[in-house]
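**Student:** Here are the chains, one letter per residue:
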Amino acid sequence: MADAVRTPHRQPVEIAGLSHHFVVGGAEVPALDRIDLTIEPGEFVTLAGPSGCGKTTLLRLLAGFMRPSEGTVSVAGEPVRGPSEERGVVFQQATLFPWLSVRRNVELGLRLRKVDKAEREERTRQHLELVGLTDFADHRPYELSGGMQQRCQIARVLANDPDIVLMDEPFGALDALTRERLQEELLEIWRATGKTVLFITHSVDEAVFLGSRVLVMSPRPGRIVLDESAVLTENGERAAPDHLRALPRFVELREAVREAIVAGQQPA
Amino acid sequence: MTDTSVDTGAGTTAGGRAPQPTGGNGAAALERRAKRAQRLRRLGLHTASLVGLILVWWLVTRLELVRPLYLPSPGAVWDAFVTANTDHPVSEGSDRIVRGEQNYYLWEHLVASLQRIAIGVAAGVVVGVPLGLLMGTTWLGVLLEPYLNFVRSLPPLAYVGLLIAWFGIGDTSKIWLLFLAAFPPIAVATISGVKGVREDQVNAVLTLGASRRQTLTTVVLPSTLPEVLTGLRVGVGFAWTTVVAAEIDNGIPGIGGLAYLAGGQLRTDLVIACIIVIGFAAIALDLGLKYLERALVPWRGKA
Chain A
1129 MADAVRTPHR
1139 QPVEIAGLSH
1149 HFVVGGAEVP
1159 ALDRIDLTIE
1169 PGEFVTLAGP
1179 SGCGKTTLLR
1189 LLAGFMRPSE
1199 GTVSVAGEPV
1209 RGPSEERGVV
1219 FQQATLFPWL
1229 SVRRNVELGL
1239 RLRKVDKAER
1249 EERTRQHLEL
1259 VGLTDFADHR
1269 PYELSGGMQQ
1279 RCQIARVLAN
1289 DPDIVLMDEP
1299 FGALDALTRE
1309 RLQEELLEIW
1319 RATGKTVLFI
1329 THSVDEAVFL
1339 GSRVLVMSPR
1349 PGRIVLDESA
1359 VLTENGERAA
1369 PDHLRALPRF
1379 VELREAVREA
1389 IVAGQQPA
Chain B
426 MTDTSVDTGA
436 GTTAGGRAPQ
446 PTGGNGAAAL
456 ERRAKRAQRL
466 RRLGLHTASL
476 VGLILVWWLV
486 TRLELVRPLY
496 LPSPGAVWDA
506 FVTANTDHPV
516 SEGSDRIVRG
526 EQNYYLWEHL
536 VASLQRIAIG
546 VAAGVVVGVP
556 LGLLMGTTWL
566 GVLLEPYLNF
576 VRSLPPLAYV
586 GLLIAWFGIG
596 DTSKIWLLFL
606 AAFPPIAVAT
616 ISGVKGVRED
626 QVNAVLTLGA
636 SRRQTLTTVV
646 LPSTLPEVLT
656 GLRVGVGFAW
666 TTVVAAEIDN
676 GIPGIGGLAY
686 LAGGQLRTDL
696 VIACIIVIGF
706 AAIALDLGLK
716 YLERALVPWR
726 GKA
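From first to last, the protein sequence lines are chains A and B.
Start counting the first sequence at 1129; every next residue gets the next number (the numbering used here).
Start counting the second sequence at 426; every next residue gets the next number (the numbering used here).
If you are wondering where the hints come from, they were derived from the structure by calculation, not from laboratory data.
Idealized CB from N, CA, C, for every residue including glycine.
A hint or two may mislead.
With the C-beta cut set under 10 Å, the calculated list includes, among others, these residues of chain A facing chain B [to be verified]:
| hint | residue |
| --- | --- |
| 1 | G1192 |
| 2 | F1193 |
| 3 | R1195 |
| 4 | S1197 |
| 5 | T1200 |
| 6 | E1213 |
| 7 | E1214 |
| 8 | Q1220 |
| 9 | L1224 |
| 10 | L1240 |
| 11 | R1241 |
| 12 | R1268 |
| 13 | R1284 |
One chain only, chain B, in its complex shape:
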């Protein structure tokens, strides 16, 4: 909004950001090409650093600087990953064939965890967003804020036992735990979003004839959306970090449960395979949410 150019009313736009109705295609194409080159450079950098990391890891194990129990080789982890995704003999030379790990393929463990996270986070949105709206606009905020901060600061391992006692050892207690991890950041983000709504935007819509309800739907909700989406990303992140705690008891199938179980059996290759899968799944999910953010709030940072 710091335009100082002469406004001819025909085609001048702030910072040349806008697509121009006539001409300017060459510049747009040039910009696209520059962006693609930048993306490629970044991809190259990431690939190189990953290859380097694996190479160092491989060297450390190859030179036997660390005992394989503590740090299995990349090959051993890959084998554990493949074994966990196939039917294989229970032990070398045995006729008994088992399915993956604990009777589930690794990807099935992952899917089971993703389902729990999805339900927990969805419940977090369903509860967190309306609660945040209420807390941001009414006296409920003053009343409930200490409780929200209390729940927010608890480590999930501290109360997972309580949830199991209340809701049983099945999926209900796990989903509760993931919900409790995901909903506070969503509620907190919604509150800060509501409080950040520009007063004059509300005034503007009131002078256009909006009712109270219309003010909520046309101004408050859309201008809160960017913060809610940020809260969602943080909430999903918290749910991932809580997934092992959620699946510590009776967590099969579940990628967190499997990682915990494998650790107990000193199968470090499988533990590392699980960690890598969790990490990649979390990054993929976050990229998806980032994409959603770009699609839903294209004005972010521009207005």
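With the rest of the complex left out, here is chain A:
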């Protein structure tokens, strides 16, 4: 496992003057308000904030599922025009296909892009192993537990090798123990692959634990109210995942994030 962040790609994500509103019952409801944000290649950016503050809207705009009301979203200088395989998405609810086995779900992207058989099988095998689903490769997704379904979805996205991974509260519905295990696995995967990650969560602890940079968003309309580097070191080295929570800087940062969220919720 590589120790530092490798950057296999040079694709900064640039968000400029981004505002978005929804029309609900004839009225405009603002969701995002003038957001400027640059995500450097290889960063693990966590975005925390209360439910309904527009985190998911930001992710869906980045994924290309919808167009912003104002402003631009671009990747490597190119404006985002729609979904693309360079931006993989891990959904809050695992969107696995029940008519395909776990293996076929994981290899779906490679199949769609007509990657040759030998490479496809090798990458699929690797990623099933990575998320610990090798023994369940021939099961159907609905035969798996919630945590295993999420792992399968993560394997499906990573096997397709996107430069940017967008994750929308993927561990939100899991029990605490499963969640902690998946967090550690994800952190190790990121350290090994150096992908750019945007990870949305409403858990303060999760945001500080996973992120190399932590953002906090205020609700309605969403604005970025905190932007902190969260690269935690121990004796000059990147701290091991199981040591992170004990570091003083971790506790400090967690408090700062919590305060930013609470402050953001006060009526202006």
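Put chain B on the given structure of chain A with help from the hints.
**Tutor:** For chain B alone, coordinates are given in the frame of chain A:
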């Protein structure tokens, strides 16, 4: 998806539904045995109720509570059924031997009707599924929906005469009628299937690099399949209820035509024999479709 158990990554699965890689065979066998016992109980219940029904029927005719013309005895119906499937003298004591009814055995009448239904329903699938896909995804839906509902609400007897005028008295008009009965439910089910495709499943496959055509084949079609199969079952049911109307004129061979003809001749025993045959054939066909459904969409109700 409401798993709250601790995921050890080794063998915990949602609700214990999955086959486990190690152990758990005893539980699986137990479950199988329980299922078999349940099936047997159900079969026993059905048999008992059928025997009871026939017994009541037999008693009513035996005690002559109803004139045999209105309700022939079970024995008389059985005789009509056997006669219709064999060569027999045209009347008692006559030397002239005839084949079944109207020169066809009863099972040949049934096969003739099944063939028409099969062709009509097959045409219904060939037209209904693509039409439903188009209507569910494009502006064609808005344009054509009133017409689809119009055709859907017509009783087949209302337009069978028109079809005969257009397509002649032969098989073509009959198959058209069965097609018109079977295709609307198939199209309607396909439309609702397409509209029910989860948006994020489409988004997911797009972020994996799917083209428009690949999205259709890898997500839209498979997730529409359960609804299409339901539509097929409803369509086949409609075709059965339409088969008498289809075979009302020049419907021999045909089980619906025979039932209609026998009614006209006041041969109520043969009418009832035909009804029972139609009923059983329809149930058997539906069971076959249910089985097909289980084989093709094992995820139904689970995902």
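**Student:** Compare the structure with each hint and give your call.
**Tutor:** Evaluation of the provided hints:
no.: 1; hint: G1192; verdict: 8 Å, holds
no.: 2; hint: F1193; verdict: 5 Å, holds
no.: 3; hint: R1195; verdict: 14 Å, violated
no.: 4; hint: S1197; verdict: 20 Å, violated
no.: 5; hint: T1200; verdict: 20 Å, violated
no.: 6; hint: E1213; verdict: 3 Å, holds
no.: 7; hint: E1214; verdict: 9 Å, holds
no.: 8; hint: Q1220; verdict: 9 Å, holds
no.: 9; hint: L1224; verdict: 8 Å, holds
no.: 10; hint: L1240; verdict: 5 Å, holds
no.: 11; hint: R1241; verdict: 5 Å, holds
no.: 12; hint: R1268; verdict: 6 Å, holds
no.: 13; hint: R1284; verdict: 7 Å, holds
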